[in-house]
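Colleague: Spelled out from the first residue to the last, the chains are:
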Amino acid sequence: MVPISVFLIPYGLFLLLFLFFSFVNIYHLIRFTTHGAIVSFMVTVAYAAITVIILNATYLEIINIDWSRTIQLIPSFGPPSF
Amino acid sequence: MNLSELIRQKTYEKPVLNLRRHPFVFIKVTALFVLIAVLPYAVYWLAASTYPEIFANTLVYIFLLLGGSVYYLGVWLFYFTEFMDYYLDLWIVTNDRLVNIEQQGLFARTISELDLYKIQDVTSEIKGMVATFLNYGRVSVQTAGEKERFVFEDIPNPHEVRKNIINLSEEDRKYHFKDTKVGL
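So the sequence lines, in the order shown, correspond to chains A and B. Mind the numbering: the first sequence is residues 2 to 83 in our numbering, read in order. Mind the numbering: the second sequence is residues 27 to 210 in our numbering, read in order.
Hints are computed from structural coordinates only; laboratory data are not their basis. Quick caveat: nothing in here was measured; it's all calculated off a predicted structure. The beta carbon of each residue, even a glycine, is placed where N, CA and C say it ideally should be. A hint or two may mislead.
Here are the computed distance ranges between Cβ atoms for each label pair [stated by the list, open to error]:
id, chain 1, residue 1, chain 2, residue 2, range
1, A, L61, B, P49, 33 to 39 Å
2, B, I137, A, L9, 39 to 45 Å
3, A, S69, B, I137, 26 to 32 Å
4, A, M43, B, F203, 32 to 38 Å
5, B, Y77, A, I54, 25 to 31 Å
Chain A side only, calculated, beta carbon under 8 Å to chain B, not exhaustive [to be verified]:
id, residue
6, F8
7, F21
8, S23
9, F24
10, L30
11, F33
12, T35
13, F42
14, Y48
15, T52
16, I55
17, T59
18, I63
19, S69
20, I72
Please take these sequences and the hints and turn them into a complete structure.
Modeller: Right under this line is the structure:
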């Protein structure tokens with residue numbers, strides 16, 4: 002029996018990966034843009050805004066779940082009933 | 027980083043053209059990602075109308091919730107990466123050289139330069155109905171160097187760009203070879 006909150010661990014790992022690649026993209030944008038800081042800033046804000054919307058929508062659903070509940074990962078097979 | 031730093035502009039050098047792919051190319055990518063973003067809603071609607079009882083299961087709900095979040099964040103990240111690939115690809119034509127800057131994924135960036143006086147042949151082409159109406163296509167530059175073709179992909183007004191490059195190349199060749207003629 003495991004708490005269902007274990008499923009948040011791979012989700013958290015994915016979020017770390019997402020943040021890493023997002024920062025790499027933003028670094029490239031800031032370093033190599035030829036249109037000045039204002040364009041980098043606007044694109045970064047737009048990207049962050051949509052990301053926050055997705056994360057917020059997820060959060061609003063996540064807080065309604067009772068994560069302390071447990072589930073049985075491997076089903077048990079009892080004696081057959083006739 | 028401004029343009030002069032990006033190409034390490036020389037004192038006598040002046041940028042003439044600063045080219046990116048035509049915006050329609052990225053609009054096609056955007057349409058594809060919108061389709062990918064709408065897909066889960068279609069699947070959800072189909073599942074909810076056929077097997078509505080599966081959504082009552084807490085475990086299924088959690089998988090759908092976290093899976094949906096991962097899906098949309100992944101799609102959004104890939105879209106942003108595609109935008110970076112489009113935006114950071116750049117072709118710069120100066121009165122001295124051509125500079126080709128290509129962003130290839132997240133961790134690869136290639137910058138090639140070509141002196142104008144070495145250009146032997148320039149070809150421009152527009153293919154397809156949409157490209158014809160929107161006037162975008164490719165320009166290929168041929169030299170005798172190691173990289174045989176320098177290609178500008180999906181740029182606006184390719185025929186005008188070809189004429190510009192040919193004119194600039196002729197001017198640069200006159201500048202480079204005038205001293206050798208005087209020496210003779």
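Colleague: State for each hint whether it applies.
Modeller: Here's how the hints hold up against the structure:
Under the hint 33 to 39 Å, the C-beta atoms of A:L61 and B:P49, about 35 Å apart, fit the expected range. Checked against the given bound of 39 to 45 Å, the beta carbons of B:I137 and A:L9, roughly 43 Å apart, stay inside it. Between A:S69 and B:I137 the CB atoms are about 55 Å apart, so this pair departs from the stated range of 26 to 32 Å. Taking the beta carbon of each, A:M43 and B:F203 are about 47 Å apart, not inside 32 to 38 Å as hinted.
Checked against the given bound of 25 to 31 Å, the beta carbons of B:Y77 and A:I54, roughly 29 Å apart, stay inside it. The interface hint given for A:F8 holds, since its Cβ lies 6 Å from the closest Cβ of chain B, which is under the 8 Å cut-off. Interface hint status for A:F21: violated, as the beta-carbon distance to the closest one in chain B is roughly 10 Å, over 8 Å. Hint status for A:S23 relative to chain B: holds, with the closest Cβ pair at about 6 Å, below 8 Å.
For A:F24, the suggested interface contact is broken, since its CB lies about 11 Å from the closest CB of chain B, more than 8 Å. At about 6 Å, the closest approach between the beta carbon of A:L30 and any beta carbon in chain B falls short of 8 Å, and the interface hint on this residue holds. Interface restraint check for A:F33: the shortest CB-CB distance to chain B comes to about 5 Å, inside 8 Å, so the restraint holds. Taking 8 Å as the C-beta cut-off, the interface hint given for A:T35 holds, the closest approach to chain B being about 5 Å.
With its C-beta approaching chain B no nearer than about 14 Å, A:F42 sits outside the 8 Å limit, and its interface hint is violated. The beta carbon of A:Y48 is positioned within 8 Å of a beta carbon in chain B (closest approach about 6 Å), and the interface hint is therefore held. This hint holds: A:T52 has a C-beta 7 Å from the nearest C-beta of chain B, less than the 8 Å allowed. A cut of 8 Å between beta carbons decides the hint on A:I55: the least distance to chain B is about 5 Å, and the hint holds.
For A:T59, the interface hint holds, the least distance from its beta-carbon to any beta-carbon of chain B being 4 Å, beneath 8 Å. Interface hint at A:I63: satisfied, since its Cβ lies 7 Å from the closest Cβ of chain B, which is below the 8 Å cut-off. Against a cut-off of 8 Å between C-beta atoms, the interface hint on A:S69 is violated, since the closest Cβ of chain B lies about 12 Å away. Hint status for A:I72 relative to chain B: holds, with the closest Cβ pair at about 6 Å, below 8 Å.
Hint compliance for this structure: hints 3, 4, 7, 9, 13 and 19 are broken, all remaining hints hold.
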